[in-house]
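Here the protein sequences line up with chains R and F, keeping their order.
So for the first sequence, this note's numbering puts the first residue at 1; every next one is plus one.
So for the second sequence, this note's numbering puts the first residue at 368; every next one is plus one.
Some clues are possibly wrong.
What the hints assert, rightly or not - Cut-off 20 Å, straight-line C-alpha distance, at most; resulting in silico cross-link-like pairs (SDA-like, lysine to any residue):
no., chain 1, residue 1, chain 2, residue 2
1, R, K335, R, L283
2, R, K345, R, H329
3, F, K434, R, W160
4, F, K487, R, K345
5, R, K345, R, E313
6, F, K434, R, A78
7, F, K487, R, W160
8, F, K434, R, W76
In short, the hints are calculated from the structure, not lab data.
Quick caveat, the model's predicted, so the values are computed rather than measured.
The lines below spell out each chain.
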Amino acid sequence: MITASIILTGVLASASAALLGTFLVLRGSAMMSDAISHSIVLGIILVWLVTRQVSGPIPILGAALAGVLTVLLTQWLAQSQLVRMDAAIGLVFPALFAAGVLLIALYAREVHIHTDTILLGEIGFVWLNTVPLAGWEIPLSIITLSLVLIANLLFVGIFWHSLKLATFDPALAAALGLFPSTLYYALMTLTSVTAVAAFDAVGAILFVAFVIVPPATAYLLTRRLWLMVCLAIGLSTAACVSGYALAVYWNVSIAGMMASMTGVWFAATLLLAPQQGLLAQLLRRRKARLEHDCRVMLAHLLTHQNTAQVDEENTQAALTQHLNWPQPHANAVIKRALEQALIEKNGNLLRLKPAGETAARELFARR
Amino acid sequence: MGNTLEQVDTHEPGFALHVEDLTVTYGATPVLWDIDMDIPPGVMAAVIGPNGAGKSTLLKAVLGLLKPVAGHIRFLGRPLSEMRQAIAYSPQRQSVDWDFPTTAGDVVEMGLYGELGWFKRPNREHRARALAALQEVGMEAFAERQISELSGGQQQRVFIARALVQNTPIIILDEPTAGVDVTTENIILELMKRLRDRGKTLIVVHHDLTNVQAHFDWLVMLNVQVVAQGPLNEIFTEENLRATYGRRLSP
Numbered sequence: 001m002i003t004a005s006i007i008l009t010g011v012l013a014s015a016s017a018a019l020l021g022t023f024l025v026l027r028g029s030a031m032m033s034d035a036i037s038h039s040i041v042l043g044i045i046l047v048w049l050v051t052r053q054v055s056g057p058i059p060i061l062g063a064a065l066a067g068v069l070t071v072l073l074t075q076w077l078a079q080s081q082l083v084r085m086d087a088a089i090g091l092v093f094p095a096l097f098a099a100g101v102l103l104i105a106l107y108a109r110e111v112h113i114h115t116d117t118i119l120l121g122e123i124g125f126v127w128l129n130t131v132p133l134a135g136w137e138i139p140l141s142i143i144t145l146s147l148v149l150i151a152n153l154l155f156v157g158i159f160w161h162s163l164k165l166a167t168f169d170p171a172l173a174a175a176l177g178l179f180p181s182t183l184y185y186a187l188m189t190l191t192s193v194t195a196v197a198a199f200d201a202v203g204a205i206l207f208v209a210f211v212i213v214p215p216a217t218a219y220l221l222t223r224r225l226w227l228m229v230c231l232a233i234g235l236s237t238a239a240c241v242s243g244y245a246l247a248v249y250w251n252v253s254i255a256g257m258m259a260s261m262t263g264v265w266f267a268a269t270l271l272l273a274p275q276q277g278l279l280a281q282l283l284r285r286r287k288a289r290l291e292h293d294c295r296v297m298l299a300h301l302l303t304h305q306n307t308a309q310v311d312e313e314n315t316q317a318a319l320t321q322h323l324n325w326p327q328p329h330a331n332a333v334i335k336r337a338l339e340q341a342l343i344e345k346n347g348n349l350l351r352l353k354p355a356g357e358t359a360a361r362e363l364f365a366r367r
Numbered sequence: 368m369g370n371t372l373e374q375v376d377t378h379e380p381g382f383a384l385h386v387e388d389l390t391v392t393y394g395a396t397p398v399l400w401d402i403d404m405d406i407p408p409g410v411m412a413a414v415i416g417p418n419g420a421g422k423s424t425l426l427k428a429v430l431g432l433l434k435p436v437a438g439h440i441r442f443l444g445r446p447l448s449e450m451r452q453a454i455a456y457s458p459q460r461q462s463v464d465w466d467f468p469t470t471a472g473d474v475v476e477m478g479l480y481g482e483l484g485w486f487k488r489p490n491r492e493h494r495a496r497a498l499a500a501l502q503e504v505g506m507e508a509f510a511e512r513q514i515s516e517l518s519g520g521q522q523q524r525v526f527i528a529r530a531l532v533q534n535t536p537i538i539i540l541d542e543p544t545a546g547v548d549v550t551t552e553n554i555i556l557e558l559m560k561r562l563r564d565r566g567k568t569l570i571v572v573h574h575d576l577t578n579v580q581a582h583f584d585w586l587v588m589l590n591v592q593v594v595a596q597g598p599l600n601e602i603f604t605e606e607n608l609r610a611t612y613g614r615r616l617s618p
């Protein structure tokens with residue numbers, strides 16, 4: 001029961017974050033989620049000072065306003081053209097975050113907000129705070145996060161097409177009368193609400209990991225928006241389950257391990273993604289280089305084949321000495337040409353076969 | 368008079384686009400200075416001028432994407448708010464991220480989102496229209512292609528198909544031939560001429576002075592202010608070009 005509620009909390013929070021995060025990452029506003037998740041600390045403490053509540057709908061909406069305020073202030077600063085967007089983000093949220101931390105230190109020492117909680121959350125204790133629902137004791141965070149996930153799903157589902165266009169081409173969206181900036185603020189408001197709801201569970205910093213990392217990973221795996229959303233949610237769910245298991249096994253922070261797993265997925269994908277992964281790119285470049293140099297060799301053999309220097313030029317040694325190729329590379333090029341029946345080896349001499357000669361003549365004809 | 372412009376039913380209905388006293392500034396710097404411009408219906412109009420002349424800004428202001436300091440704009444005599452569905456717009460190709468996860472067919476379909484509004488979804492008929500528009504630019508084979516895999520010229524044609532699919536009387540294009548080879552440029556220019564011959568009005572920011580004369584029939588020469596405007600063969604003179612581009616004649 002405790003295990004289930006912890007994992008479910010993680011899954012709900014990370015799925016909500018990844019869903020909205022997909023659009024933030026594609027829009028190039030990913031770091032705005034970082035700003036929002038920090039600024040809500042100020043929102044949470046201000047709401048607590050006024051209402052003495054830390055959970056429930058009013059604190060969540062009140063604290064989310066701090067996130068929206070961050071977006072507004074940042075946009076306003078950036079539009080003044082006195083500072084750039086990234087600097088504007090960096091100017092606004094640390095100020096609000098610092099104000100929040102100061103207020104906690106001054107007025108709210110007894111409330112359960114500690115620095116660790118702010119940064120990492122307390123997902124291990126979400127099962128302590130429950131409410132009765134249909135005869136069950138359901139953790140409050142699960143109820144809140146479920147509602148948030150439903151709201152996010154509805155928003156993305158209903159506005160799917162407009163959101164897609166507003167993200168891809170805001171100028172056209174505006175020209176078509178679709179009010180992309182209204183959609184943007186709605187997206188940011190929901191991001192703020194999600195950040196507040198997820199705050200108890202995963203804190204300010206790990207929230208950013210769930211907003212950015214699963215969509216960024218999915219982006220490397222697909223070129224379809226709907227699939228990117230599905231993959232992002234799937235990857236974050238897998239990160240929560242495996243992260244919990246490993247955290248218990250190694251006895252480390254549960255939320256920290258969950259976020260780390262999103263990083264593991266990303267690193268693995270960056271290396272191994274079938275189309276855009278670094279390994280695939282490396283192999284493609286290797287292959288292209290080999291094919292290219294194979295053509296260079298064919299041209300070289302053709303130029304010298306009926307000349308007096310043929311015995312010296314058309315040999316393996318000439319490839320390393322005259323063409324200045326390292327031995328292994330020369331061997332690889334020759335091996336490939338032999339495999340493709342473009343050349344044959346006659347003692348030391350490399351001779352063009354008809355197919356190789358045709359290919360080489362085509363190279364010169366191309367000019 | 369007594370009436371303000373907003374109360375008048377139509378104002379200058381004889382022009383596809385009527386711009387009067389339009390001024391746009393960034394801070395204190397004027398980008399467009401007191402623009403008066405009229406484009407009659409059924410022409411293929413080029414807007415030319417050096418870098419920084421305010422060509423894209425003019426299109427954006429006309430489309431309501433920028434708030435002008437002063438001035439008013441009418442399409443066929445009516446304000447933009449009543450005419451959105453009659454205008455298709457294609458921004459510069461570089462203004463969007465071509466690594467966005469979507470297909471060519473999907474991008475063309477986006478042209479119909481204005482018709483659909485916030486809540487409606489495209490159906491089979493919309494997809495058929497998008498495909499027909501792709502066919503018109505000779506790109507139907509690429510409908511399912513990821514947009515990052517297209518060449519620059521193909522991306523431009525997808526953008527034009529996205530403007531075509533809206534089937535509007537007025538089409539506004541920002542540099543539709545920027546960064547494409549000569550063959551593709553001619554395909555695009557011929558396509559635009561076919562649209563003009565169907566009675567549409569095209570307003571196009573164009574950068575290549577060498578072929579303006581061969582393809583366009585109306586010209587607006589811009590450098591913060593309007594230097595000259597009118598039928599191309601009357602105003603495409605060396606004197607006007609010098610006045611627009613300053614001493615250096617190459618754009």
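Need the list of violated hint numbers for this structure, in ascending order. 3, 4
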